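J.: The task is simple: from the sequences and hints, build the whole structure.
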Amino acid sequence: MGCGGSSSQLVIKSRASARRLRVHRRRTTRLWLWCGVVFLAVLPACGSSQEASSPRRNVLTIGFPEAKISSAETGLGQLITGFTLEGLTQVNVDGRATPRLAESWKWENDGLALRLKLRSGVTFHDGTPLTATVAAKALDAAITRPANRAMYPFLADIIRVRADSEDVVLDLAQRSAFLPEELELPLTLGPENVGTGPFRLAQRGPDAVVLERFDRYYLGAPQIAQVVIRPFDTLRTAWTSLLRGDVDMVTDVPHDAVDFLQDSEIEVVSFPRRYQFMIAFNSRRPPLSSPIVRRALNTAVDREKIIMSVLQGAGEPATGALWPKHWAYDATVQPFPFDPAGAVASLESAGFTLSTASNSLPPARLRFSCLVPADFSLLERIGLEVQKQLYDVGVDMQFEEVPIQEYDARLREGRFDAVLLDSISGPTFGRPFIFWRSAEHFQGFNVFGYENAETEKLFQALRAATNEATVRSATYRLQRAMTNDPPALFLVWNERARAISRRFRVVDEQGRDPLHTIWQWTENTDRQSVSTQ
Amino acid sequence: MTRISTRFAFLLAAAAVVPLLGYGAMSIFSLRTGAQQAVIDGNLNVARQVAEQIELYVTGSVNILKAVAADLQQTGLQRWQQDRILKNFVLQFTEFRELTLLDDNGQLIVSSRLGRPTVTVPGSEGVNINGVLISRFSVDDALLPTAVIAVRLVDRDGGGWLVGHLNLEAMWRMIDRIRVGAKGYALVVTNEGQLLAHGDPAAKSRVARGDNMRAHPLVAHIEAALPNEQVTFDQYDDERGPMLGVAARLPSLGWTVIVEQSRDEAFAIPIRLQRQLGIAIAVALMVMLGVGYFWGYRFIDPILALTRGTRALAEGKLDERVKVDSSDEIGQLGLAFNNMADRLVELQDDVRKKERQAMFGRISIGLVHDLSHPIQNIGNSCKLIVKMFDDQEYRETFKRTIERELAQVKRVLDDLRNVARPMPLQRFPIDINKEIAELVESMQSTAEKAGLTIETEFVFGQLFIEADLFALNRVYRNLIMNSLQATPPRGRVVVRTLRDSGYATVEVSDSGCGIPKERLETIFEDFVTTKRRGLGLGLAISKKIVEQLDGTITVSSDVGVGSTFTLKFPLTSARPSQLAAV
Chain A
-4 MGCGGSSSQL VIKSRASARR LRVHRRRTTR LWLWCGVVFL AVLPACGSSQ
46 EASSPRRNVL TIGFPEAKIS SAETGLGQLI TGFTLEGLTQ VNVDGRATPR
96 LAESWKWEND GLALRLKLRS GVTFHDGTPL TATVAAKALD AAITRPANRA
146 MYPFLADIIR VRADSEDVVL DLAQRSAFLP EELELPLTLG PENVGTGPFR
196 LAQRGPDAVV LERFDRYYLG APQIAQVVIR PFDTLRTAWT SLLRGDVDMV
246 TDVPHDAVDF LQDSEIEVVS FPRRYQFMIA FNSRRPPLSS PIVRRALNTA
296 VDREKIIMSV LQGAGEPATG ALWPKHWAYD ATVQPFPFDP AGAVASLESA
346 GFTLSTASNS LPPARLRFSC LVPADFSLLE RIGLEVQKQL YDVGVDMQFE
396 EVPIQEYDAR LREGRFDAVL LDSISGPTFG RPFIFWRSAE HFQGFNVFGY
446 ENAETEKLFQ ALRAATNEAT VRSATYRLQR AMTNDPPALF LVWNERARAI
496 SRRFRVVDEQ GRDPLHTIWQ WTENTDRQSV STQ
Chain B
14 MTRISTRFAF LLAAAAVVPL LGYGAMSIFS LRTGAQQAVI DGNLNVARQV
64 AEQIELYVTG SVNILKAVAA DLQQTGLQRW QQDRILKNFV LQFTEFRELT
114 LLDDNGQLIV SSRLGRPTVT VPGSEGVNIN GVLISRFSVD DALLPTAVIA
164 VRLVDRDGGG WLVGHLNLEA MWRMIDRIRV GAKGYALVVT NEGQLLAHGD
214 PAAKSRVARG DNMRAHPLVA HIEAALPNEQ VTFDQYDDER GPMLGVAARL
264 PSLGWTVIVE QSRDEAFAIP IRLQRQLGIA IAVALMVMLG VGYFWGYRFI
314 DPILALTRGT RALAEGKLDE RVKVDSSDEI GQLGLAFNNM ADRLVELQDD
364 VRKKERQAMF GRISIGLVHD LSHPIQNIGN SCKLIVKMFD DQEYRETFKR
414 TIERELAQVK RVLDDLRNVA RPMPLQRFPI DINKEIAELV ESMQSTAEKA
464 GLTIETEFVF GQLFIEADLF ALNRVYRNLI MNSLQATPPR GRVVVRTLRD
514 SGYATVEVSD SGCGIPKERL ETIFEDFVTT KRRGLGLGLA ISKKIVEQLD
564 GTITVSSDVG VGSTFTLKFP LTSARPSQLA AV
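Protein chains in written order, with this note's numbering: chain A, -4 to 528; chain B, 14 to 595.
Source of the hints: derived by calculation from the structure; they are not laboratory data. One should not assume that every hint holds.
Claimed, not checked - Capping the alpha-carbon separation at 30 Å, the derived lysine-lysine pairs in DSSO-like fashion look like this:
#: 1; chain 1: A; residue 1: 101; chain 2: A; residue 2: 452
#: 2; chain 1: A; residue 1: 383; chain 2: B; residue 2: 79
#: 3; chain 1: A; residue 1: 112; chain 2: A; residue 2: 320
#: 4; chain 1: B; residue 1: 462; chain 2: B; residue 2: 556
#: 5; chain 1: B; residue 1: 79; chain 2: A; residue 2: 300
#: 6; chain 1: B; residue 1: 462; chain 2: B; residue 2: 447
Being a predicted model, the structure only gives us computed values, none of them experimental.
T.: Now the structure itself:
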């Protein structure tokens, strides 16, 4: 009987313990549930605060190699301009003007006036709305700047800029078919050069340029909140930073480094530049004043070989002065063939026979010197290749490497036989126009002394064209004229490559600089941010 | 006893399983080590070939420079010709960024460069390969490994140096293209530990940073290796996990080409093969065991059937037969067994018949013996009573005689009945010591008549067992009477009790004539006796009674010495209940 009584107590005790245990478990479960609810509630806030506090998120850092912010470095300036400023129009790859700040335009007064309808809802970075009056004033200021007039020669056709209701009207001295393309020049306000672009200049220091998102951008505020441009002394340091993840983009990638950089974390986007390598001749100086010589030189060069051996295939053979992707370009016009025998024959027929001036010089049919700017390694490689090919046909071209300042000066002063340069030549016809128009009528970038009456006439015809058919016809004839009398040894249209971290989703418009769509870039949240170290 | 199935299993194990397992283990080990070694050798080959390629590339470039130098020296070429040669070589051999001819004072003579040359003659830090000085390799702005190489010229106008700017882009691209598996890469490290090229896209930043790889296990390994050891390998862990690395040395430059691959990937095939082999061996083992079991079962089963049949026969189941269908010796054995069993049945029937006959004979003789005397006495008395009916005394004697003889007849008939159908016993706790003492006391007079004394040796204390007092006394009486009858005068009859591990033991010993050994085996059987008269049921009945009381009875005897009957009963803790005094 004693044993039975103690087991009852044990049962009672164990029941009580079980009850307490159940209560404890319920309380613990409730506690954990509450913790979970609180955690889930706080998690988004943590995420957003983490997002807000992270310095990397939504900030695009661009490494700009070989730039010095303290000096007015053209490349960097152009980069900043591209983010912050806009013109009334923008030019497509095919050379056509497309709307930007101007929504549309039409010719009036038999082509002597251009009426531009402004886009509504556009605001400058300082809050000034873009009205016809403001736009007219800004444009008027822009067209009077000498640099703009040199770069956009057809601005000279504008005699008056006026606001008319919501439109801006340009009264012209003469028909100017290329004027809409010229109106891509940036419109700015005030001495600070305030623009209407998707980003505005926030800070400019010795180590970085900071651009901030313009929230009232008329096409929609960019997803990227900030763009930081950091200069680097050398390409290597810029790439190292990119590979390390310190910068998100490097603006310039040489062709032989594309394979090195492109991987799962970095995308290299190539696009054709509007620049071509050429050896521009001083057409005033014999023997280069002879079209036969200049034509023969153009047929002595194997452009494909230059592309393959120097540019690793990143380029297209140049066919002349005109941008081959222009909408009016006629592809049926035969480009310069590679015909060294023909070149020799031409030179021989022009009286240029192989001779030896002295023992210290190679035998040659003709000799000339070519200026080349110092410290441009790509130009040097191209020059070497061209030099050898010309040598093979008996042309002795000797390079003279000079500092860039002397290079500019001698160019302007005409103290050269030929120059090796990387020159903008597209996408509009305005670019070749400024270089190859007759110096009798205009002094600007046309320092090479090229004079060809037919070419000049055709340029003017293009300028005054009122319809596409006229443009196409004039273009075709211009191509032929400049093939017969080439002002330069046109070599290669080259490409540029930009290396961009795949942290950003880039809107790639085939054939265009990806930076043109920077306001549409988004951060690629699908990808884990992985260091490339 | 070791069962035949066990022996068969051991045989199977010894003949097949153990060798298979041993073979399997050896195969797996050999496969694993061999396959791993093959992987290592393969990777080493890659590293060696890469090293050779780099060596060839560098020496090729050196030879090109020497060829240029040969074109330039002692040929009396004009400057413009030399200039043309240098430029042509630079264009032809893109590994040369620049070729410059310097005089003994380091002054420029001609250069492939359009502008000022950038190269100078390497100093003492350079290495000499086939008479060409090569500076330390470094990574240029295009992240390509470059170095300055120079060859001394001998000319009748003096000496001079042909200096070139060599870049190993081809080497770098080759390293970039090398893939071992999906995640195996190659890298090149200079003798100072600088990383020159790395095939892993994720590691390019290390090249850009100019990381030093001195701490890399393989770099340290190969540095520590003997000079004539050109290759080495190692397994190590890094941030990517366990890695297999092989290294090959470039003796001329002192560089190391390393090929790294994750161990999991490198040894995936050996591991997979090992697993497959293990599975195959396991499956083979299972199949073999199954087949062996099945075949062994078919082999052993008839033997086991024969064994069972033999046991059954031994247990008396003479109708047991074995079914063995095989047509071999075991089948014949089965047939012989069945025949033997049939014959046994016949023999048993014969024996039983004879035994029955013998038993009936014994019973008849015993009955005749035991009953004829009382019946004769009754008959004689009946004849006399007719004559002496009037004699009162005789009538009393007649009555006593009839009663006595009828009791004897009844005893004989009771014995017969008890043998056929033992009477139920009643169990009560009784003290053996007490009961035996009383019985011995009552039999002392009988003993004295035979010239004997019954001695007792009782264990101290009480010995309680559960028994039927009457039946148990009968047993004691039977045993003591037998001892008295077998023991000559002045012999000994001893009754002793013992306590032994929960049992009570009673021994009845005598110093009589003893019982022959051949009779000991059957002494407890029915109708077996050594006496001239009696049915021989006394010990049989005693044994039945003892066994009914959960006890045992045994006998040991030596002829001419005596016999001892031993009874064992389980002790009980129960005690007789005491009647309350009225």
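J.: Output the numbers, in ascending order, of every earlier hint that fails for this structure.
T.: Violated hints: none at all, because every hint is consistent with the structure.
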